[in-house]
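Using the sequences and the hints given, assemble the complete structure.
Here's the letter readout for the chains.
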Amino acid sequence: MQLLQLVISGIAQGCIYGLIALGFVLIYKATETVSFAQGELMMLGAFGGLACMTLLGFPFWLAILSSIAGMALFGVLLERLVIRPILGQPAFSIVMLTIGVGYTARGLITMIPGIGTETHTLPVPYKDMIWKVGGEASGQGALILNVEQMVVIGSTAVLCLILFALFKYSKLGIAMQAASQNQLAAYYMGIPVKRLNGLVWGLAAAVAAIAGLLLAPITFVHANMGFIGLKAFPAAVVGGFGSLPGAIVGGLIIGIVESLAGFYAPDGIKDIAAYVVVLIVLMVKPNGLFGEKLRKKV
Amino acid sequence: MRFIFKTDYRQDIKLARHGGHVFWYGALLLLLLAAPWLFAEYYLAQLTFILIYSIAGLGLMLLAGFTGLFSLGHAAFLGVGAYTQAVMTNAGVPFPIALACAAGLSAAVGLVVGLPALRVKGIYLGIATLAFGFIVEEVFARWESVTGGNAGIHIKAPEMFGWKLDSAEAFYFLCLVIAIGSTLAILNLLRSPTGRAFVAIRDSEISAQSMGIHLARYKTLSFALSAALAGIAGALYAHKMQFISPEQFSLLQSIELLLMIVVGGLGSVHGAFLGAIFLISMPQAIALVKDYLPTFVGQAPGLQGVVFGLVLIAFVLFEPLGLYGRWLKIRTYLQTFPFYRKGMFKRQKSFQKSDRLK
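Protein chains in written order, with our numbering: chain A, 371 to 668; chain B, 39 to 396.
You may find that some hints are simply not true.
[Claimed, not checked] Label-pair distances were calculated between CB atoms; the ranges are:
1) Asn-188(B) <-> Ser-436(A): 37 to 47 Å
2) Phe-633(A) <-> Leu-66(B): 57 to 67 Å
3) Ala-323(B) <-> Leu-373(A): 48 to 58 Å
4) Trp-62(B) <-> Ser-436(A): 56 to 66 Å
5) Val-654(A) <-> Tyr-371(B): 47 to 57 Å
[What the hints assert, rightly or not] Straight-line Cα separation of at most 35 Å, DSBU-like style, residue types lysine-lysine; simulated pairs:
6) Lys-380(B) <-> Lys-367(B)
7) Lys-380(B) <-> Lys-564(A)
8) Lys-640(A) <-> Lys-399(A)
9) Lys-384(B) <-> Lys-399(A)
10) Lys-564(A) <-> Lys-367(B)
11) Lys-380(B) <-> Lys-52(B)
12) Lys-640(A) <-> Lys-278(B)
13) Lys-384(B) <-> Lys-564(A)
By construction, these hints were calculated from the structure, which means they are not laboratory data.
Owing to the predicted nature of the structure, the values given are computational and were not obtained by experimental measurement.
Idealized CB from N, CA, C, for every residue including glycine.
Next up, the structure:
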């Protein structure tokens, strides 16, 4: 029972990693660059939701939707203003650029007087609710399900279905796939590659915002919550950097390993479990679980 | 405008191309030698830090700027050097031997990290070094019998052959000598076949391979050399700080090192030094202007992060060649006055060099 409990909380945590990793992979597939600002986008999304709920007094659903939409817009703007001018430069410059964006975002949030340096709780309707499954009537031996974690798992599943449908059936999704396979050819076929890249950044930012809003009730909203993005890198790598389902699976693996390591392994192993896993995967299977193994031709 | 007439093939690889070089670098050397008598103690300490960071920057520049492999875990090498030095010095080992061990151990760790670099590249390598950095930081924090854990560890002043370097001036000269030595070593390396091989790997792995460069050997070598320099810098850093703890070697430190070489100018030896000057003087500059800013900006804890982030964004967007590139442009402008054209250093719009395979 305890094992199951650990696995479930690991899955919930893994879903968050997976969602952030999804953002990495979306951006990587579209523009072949890696965004180190993804964790910070998640943090901004959580703060956006918090601002909508507490400062503006929006009802729950409206606040969620408006913060996701706001982050999507922010992602599009970010691509247009900062990323697009240097596309085509070495990947290293773009990595440094996104690190700069992350630094700036984190710094700006902490500069907001009274809010930025505090930790906040996001007032969600399902706060602190639990479900008990099975066991005796007195609650002994029952599987205790935290509703917050169930919401994370459920929303991730729904989001994955939506994204799957988007990429499989919609014109936009198919155009994105085409552009990620070969930008030049896609451009010749009349696909507006630049505009698509902007949309992909918007989509990635929106997914990050969802991750932030889902994570917020479990931990807290604070300026440094973006550092969780660093654990999403191992998730993306374990799954193979170019694979969308891989990102989710990688996230789940990292989440479960971490949760089990936190319980069974000595202190301190939990924090580095994700990195140990990624090093092992890189040694054994350098292209990740779902990556394709191809050799570059001249 | 200076014209160099080449009459000898050796001129191509000379360290000092013309008299101007000899004169200006000589002047700089004199200034640095006279620094303890010219500057107050505080500024001398900052200068020492600049020298220490330059050594680490040289190492990272060799790896990122000249071999094209980028490392997000360089602070770990710095840490390995620092802890080795701390433990050995406290055990009474003389400074030169401890320093050699710090460099050697760092290089050995660099070799280990370099091994996955043979199989993975680009972003995967970045993640591997990132993961490695986190693991090493955790080891520093948990291996309490050696590293003192999160409480940190104190380190005695360097000592060699019965001569104790406990004054700031003596330590400054020690750093200066090591910094000059490492610079000369890097310059020499870069004009040797090994250095040329590094640059070839940076520009195109495939063409380097087809020219007969053993990728695995040179990449690992680059990692090891870079880590050794970082280890030396770490050892000096430990002596300068006199106290080290794991959080000094966290990811933020690695990112600061990267920021340093990007701002200084990727792919130039000058860049490591200019970047170090920038990295050390920036917090001072922020502290100076803080008082003139409105309170809610000036006193905010995130100010330094914002400034660093914005500077990084601005450099990548507008001056990808870094401070050294800016200086080159100014120099060219002056030398060719009034014939400087706007497009002289224009970045070529190129198709993205794709890592994709289909």
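In this structure, is the beta-carbon distance linking Val-654(A) and Tyr-371(B) contained in 47 to 57 Å?
Once the Cβ atoms are compared, 54 Å apart, the range 47 to 57 Å for Tyr-371(B) and Val-654(A) holds.
Within 35 Å, alpha carbon to alpha carbon, are Lys-384(B) and Lys-399(A)?
29 Å, holds
Lys-380(B) and Lys-367(B): Cα distance at most 35 Å?
It holds: about 10 Å lies between the C-alpha atoms, which stays within 35 Å.
Assessment of proposed distance window 48 to 58 Å (beta carbons of Ala-323(B), Leu-373(A)):
For Leu-373(A) against Ala-323(B), whose Cβ atoms are near 55 Å apart, the range 48 to 58 Å holds.
With a cut-off of 35 Å on the C-alpha distance, tell me whether Lys-564(A) and Lys-367(B) pass.
Between Lys-564(A) and Lys-367(B) the Cα gap is close to 32 Å, so the pair holds against 35 Å.
Between the alpha carbons of Lys-384(B) and Lys-564(A), is the straight-line distance 35 Å or under?
22 Å, holds
Is 57 to 67 Å respected by the C-beta to C-beta distance linking Phe-633(A) and Leu-66(B)?
Taking Cβ atoms as reference, Phe-633(A) and Leu-66(B) lie about 59 Å apart, which means the hint holds.
Hint check for Ser-436(A) and Trp-62(B) - Cβ pair distance inside 56 to 66 Å
Hint holds: Cβ distance 59 Å, inside 56 to 66 Å.
Does Lys-399(A) sit within 35 Å of Lys-640(A), going by the straight-line distance between their CA atoms?
The given pair, whose Cα atoms are some 30 Å apart, holds under the 35 Å limit.
Asn-188(B) versus Ser-436(A) beta-carbon gap, inside 37 to 47 Å or not:
42 Å, holds
Checking one constraint from the list: CA of Lys-380(B) to CA of Lys-52(B), max 35 Å. Satisfied?
31 Å, holds
With a cut-off of 35 Å on the C-alpha distance, tell me whether Lys-380(B) and Lys-564(A) pass.
27 Å, holds
The structure meets every hint from the earlier list without exception.
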